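Quick note, the sequences are listed as chains A and B, same order.
Sequential numbering from 1 applies to the first sequence in our numbering.
Sequential numbering from 1 applies to the second sequence in our numbering.
Read the hints as simulated data drawn from the structure, not as lab findings.
Note that the structure is a prediction, hence the values are computed from the model and not measured.
Please note that the accuracy of each hint is not assured.
Repeated chains share a single entry, so a pair holds when one copy, or any two copies, can fit it.
Claimed, not checked - Below, in silico cross-link-like pairs of lysine-lysine (DSBU-like), each with a Cα-Cα straight-line distance of 30 Å or less:
#1 Lys-242 / Lys-303
#2 Lys-242 / Lys-211
#3 Lys-14 / Lys-340
#4 Lys-340 / Lys-158
#5 Lys-211 / Lys-166
#6 Lys-338 / Lys-316
#7 Lys-340 / Lys-211
#8 Lys-316 / Lys-252
#9 Lys-14 / Lys-166
#10 Lys-14 / Lys-242
2 protein chains.
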Amino acid sequence: MIIDCHGHYTTAPKELMAFREAQLARFADTSKPDAVLAEISDDAIRESVENNQLKAQRERGADLTIFSPRAAGMAHHEGDEATSNAWARACNDLIHRVVTLFPDNFIGVCQLPQSPGVPIANSIAELERCVSELGFVGCNLNPDPSGGNWQGPPLIDKAWYPFFEKMVELDVPAMIHVSSSCNPNFHATGAHYINADTTAFMQFIQGDLFKDFPELRLVIPHGGGAVPYHWGRYRGLADMLKRPPLVEHVMKNVFFDTCVYHQPGIDLLFRVIDVDNILFASEMFGAVRGIDPETGQYFDDTKRYVDALDIPADDKRKVFELNARRVYTRLDKALEAKGK
Amino acid sequence: MIIDCHGHYTTAPKELMAFREAQLARFADTSKPDAVLAEISDDAIRESVENNQLKAQRERGADLTIFSPRAAGMAHHEGDEATSNAWARACNDLIHRVVTLFPDNFIGVCQLPQSPGVPIANSIAELERCVSELGFVGCNLNPDPSGGNWQGPPLIDKAWYPFFEKMVELDVPAMIHVSSSCNPNFHATGAHYINADTTAFMQFIQGDLFKDFPELRLVIPHGGGAVPYHWGRYRGLADMLKRPPLVEHVMKNVFFDTCVYHQPGIDLLFRVIDVDNILFASEMFGAVRGIDPETGQYFDDTKRYVDALDIPADDKRKVFELNARRVYTRLDKALEAKGK
Numbered sequence: 001m002i003i004d005c006h007g008h009y010t011t012a013p014k015e016l017m018a019f020r021e022a023q024l025a026r027f028a029d030t031s032k033p034d035a036v037l038a039e040i041s042d043d044a045i046r047e048s049v050e051n052n053q054l055k056a057q058r059e060r061g062a063d064l065t066i067f068s069p070r071a072a073g074m075a076h077h078e079g080d081e082a083t084s085n086a087w088a089r090a091c092n093d094l095i096h097r098v099v100t101l102f103p104d105n106f107i108g109v110c111q112l113p114q115s116p117g118v119p120i121a122n123s124i125a126e127l128e129r130c131v132s133e134l135g136f137v138g139c140n141l142n143p144d145p146s147g148g149n150w151q152g153p154p155l156i157d158k159a160w161y162p163f164f165e166k167m168v169e170l171d172v173p174a175m176i177h178v179s180s181s182c183n184p185n186f187h188a189t190g191a192h193y194i195n196a197d198t199t200a201f202m203q204f205i206q207g208d209l210f211k212d213f214p215e216l217r218l219v220i221p222h223g224g225g226a227v228p229y230h231w232g233r234y235r236g237l238a239d240m241l242k243r244p245p246l247v248e249h250v251m252k253n254v255f256f257d258t259c260v261y262h263q264p265g266i267d268l269l270f271r272v273i274d275v276d277n278i279l280f281a282s283e284m285f286g287a288v289r290g291i292d293p294e295t296g297q298y299f300d301d302t303k304r305y306v307d308a309l310d311i312p313a314d315d316k317r318k319v320f321e322l323n324a325r326r327v328y329t330r331l332d333k334a335l336e337a338k339g340k
Numbered sequence: 001m002i003i004d005c006h007g008h009y010t011t012a013p014k015e016l017m018a019f020r021e022a023q024l025a026r027f028a029d030t031s032k033p034d035a036v037l038a039e040i041s042d043d044a045i046r047e048s049v050e051n052n053q054l055k056a057q058r059e060r061g062a063d064l065t066i067f068s069p070r071a072a073g074m075a076h077h078e079g080d081e082a083t084s085n086a087w088a089r090a091c092n093d094l095i096h097r098v099v100t101l102f103p104d105n106f107i108g109v110c111q112l113p114q115s116p117g118v119p120i121a122n123s124i125a126e127l128e129r130c131v132s133e134l135g136f137v138g139c140n141l142n143p144d145p146s147g148g149n150w151q152g153p154p155l156i157d158k159a160w161y162p163f164f165e166k167m168v169e170l171d172v173p174a175m176i177h178v179s180s181s182c183n184p185n186f187h188a189t190g191a192h193y194i195n196a197d198t199t200a201f202m203q204f205i206q207g208d209l210f211k212d213f214p215e216l217r218l219v220i221p222h223g224g225g226a227v228p229y230h231w232g233r234y235r236g237l238a239d240m241l242k243r244p245p246l247v248e249h250v251m252k253n254v255f256f257d258t259c260v261y262h263q264p265g266i267d268l269l270f271r272v273i274d275v276d277n278i279l280f281a282s283e284m285f286g287a288v289r290g291i292d293p294e295t296g297q298y299f300d301d302t303k304r305y306v307d308a309l310d311i312p313a314d315d316k317r318k319v320f321e322l323n324a325r326r327v328y329t330r331l332d333k334a335l336e337a338k339g340k
């Protein structure tokens with residue numbers, strides 16, 4: 001079985017974005033009408049994934065995608081807490097409908113109603129709703145709800161702890177995933193995403209988050225940002241900062257996905273990071289949708305790169321399935337209940 | 001000949017930091033006395049490098065270090081423009097004294113008196129002084145003088161153009177190098193440095209800087225941040241953004257150094273980046289000073305990693321010497337004048 005742990009609903013019916021636009025228009029000008037999400041038919045939802053994610057799953061050979069709302073769409077820096085609440089609910093409900101229509105192909109991960117300066121505890125209710133009522137198996141946690149201005153506290157700050165407590169209680173992991181950038185220095189998918197991955201990892205080195213939450217599981221996407229390429233730097237920095245070795249201090253709780261869009265990058269990832277810490281993912285259709293002229297294949301068809309690795313079949317099975325089931329324990333239970 | 005293009009004077013005599021502390025104390029409280037740099041003897045300068053950078057040069061087998069003030073010390077976000085001016089002059093003058101004492105081992109690159117919100121044109125005078133009067137061959141340009149808050153314009157903004165014009169006129173390159181971080185999200189050497197490298201590269205993809213300045217030469221340190229590891233992502237993003245291929249659009253003007261502190265990272269760098277774009281560097285003594293327990297060697301002894309590469313001797317000579325002479329043309333002229 002092949003599980004892609006990182007897929008976003010980037011092809012949602014246009015009614016969703018119309019709702020968002022109306023919502024932000026209303027926020028900017030309260031004389032405008034309340035935003036209402038127009039009815040979206042099951043057929044429209046089927047169509048939105050059948051020729052996109054489902055087709056690619058079939059063609060590329062994946063079975064199940066851990067599916068969440070569009071990351072760039074979260075835009076927690078827009079509007080206020082009420083805006084983010086209504087937006088997260090709408091996006092998550094739509095994910096739930098996709099999962100309900102295609103229960104063998106998708107399982108849900110939720111967007112959170114984060115908002116700059118608002119306590120992360122206020123996101124707990126939506127996490128609980130998605131996990132307990134909608135059967136979601138995790139969440140995307142934005143380490144910078146200010147959208148590239150990095151105005152909140154680092155992830156190791158106690159301000160985040162109420163949310164981590166709830167994650168442990170619900171036994172769900174988070175993917176650390178920023179959204180769009182309103183800072184002109186940072187291109188969203190070209191700089192902000194990768195920087196956030198690198199930043200989060202370094203924060204974990206600095207702090208004691210996993211001493212306080214030994215059960216917490218966090219996925220850093222995009223192959224861990226810059227971290228595997230600079231693995232020697234991070235091992236050396238941990239040493240200089242008198243932190244324990246990374247394998248003990250961070251890597252019992254942190255996992256990298258395989259959203260690295262060329263063979264040399266994937267080769268490096270597997271050369272330096274323990275196979276138990278790597279989860280297969282493609283983030284399709286996401287940041288990079290074209291065909292690589294050097295290979296004639298889609299950049300984000302990451303299964304090809306993993307297939308090409310000269311590693312034992314057991315290791316591939318960990319990356320393609322078992323690690324995801326170990327990190328997303330509720331996914332494992334859902335699959336077991338289906339006899340998978 | 002082996003040229004290390006990235007060394008900072010991290011071992012400067014304590015009088016320099018005492019001056020800085022007095023300077024910032026005076027800035028915070030104008031009732032305090034003006035800062036005065038205490039006299040530093042030639043012997044103190046000799047001592048500060050003989051058992052440090054010079055010893056390591058000898059032991060590791062490098063000949064010449066392109067030497068600049070401590071990067072984390074620049075701290076352009078502290079004080080104001082006058083503070084930065086006095087501080088840059090003091091730091092650059094000390095580099096000049098090192099170079100004067102050890103002309104075969106060091107050549108200077110200058111710190112700039114940048115300050116948040118102050119036009120970069122105001123840094124031109126110090127660049128000219130260092131190049132024309134002190135014989136420096138380049139500068140360190142901070143893409144974020146706000147110290148991790150990224151409040152200024154991106155490098156492709158016309159606001160930076162007066163400085164780039166002067167660089168071209170003087171025929172000197174810049175290393176894009178941030179300083180310390182006052183944003184608690186970003187550890188300086190573990191996140192801010194690497195993020196800045198990645199960010200700058202993505203800005204160059206977005207803009208047309210090198211169409212406007214075909215002669216401009218910029219070095220992105222720390223192995224290009226996350227870029228080589230995500231080379232497929234950047235090639236794909238350039239394609240999605242309808243930019244020319246990276247080899248034409250960016251890589252005629254941008255160079256990566258070899259400050260990547262483990263063999264797999266260096267292997268990747270050379271696998272994906274053209275050898276003409278790679279300059280040998282170690283940034284000693286900088287971010288990571290310890291010994292790698294996995295190899296028994298210093299993390300930042302990057303020459304070992306390059307030596308271990310299975311590439312033609314001609315390519316190694318490019319990386320160790322010829323590329324640096326091509327990028328730092330004034331260094332080349334200085335060496336030629338010595339018959340080297």
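Hint check results:
1. Lys-242 / Lys-303: between (38 Å within a copy, 26 Å between copies)
2. Lys-242 / Lys-211: within (15 Å within a copy, 46 Å between copies)
3. Lys-14 / Lys-340: neither (35 Å within a copy, 66 Å between copies)
4. Lys-340 / Lys-158: This pair counts as neither: shortest intra-copy Cα distance 39 Å, inter-copy 58 Å.
5. Lys-211 / Lys-166: The answer is within: 16 Å in one copy meets 30 Å, while 52 Å across copies does not.
6. Lys-338 / Lys-316: Within one copy only: 23 Å inside a chain, 57 Å across chains, cut-off 30 Å.
7. Lys-340 / Lys-211: Answer is neither: 34 Å inside a copy and 56 Å across each miss the 30 Å cutoff.
8. Lys-316 / Lys-252: Only inside one copy: Lys-316 and Lys-252 sit 19 Å apart there, 39 Å across copies, limit 30 Å.
9. Lys-14 / Lys-166: neither (33 Å within a copy, 49 Å between copies)
10. Lys-14 / Lys-242: between (51 Å within a copy, 25 Å between copies)
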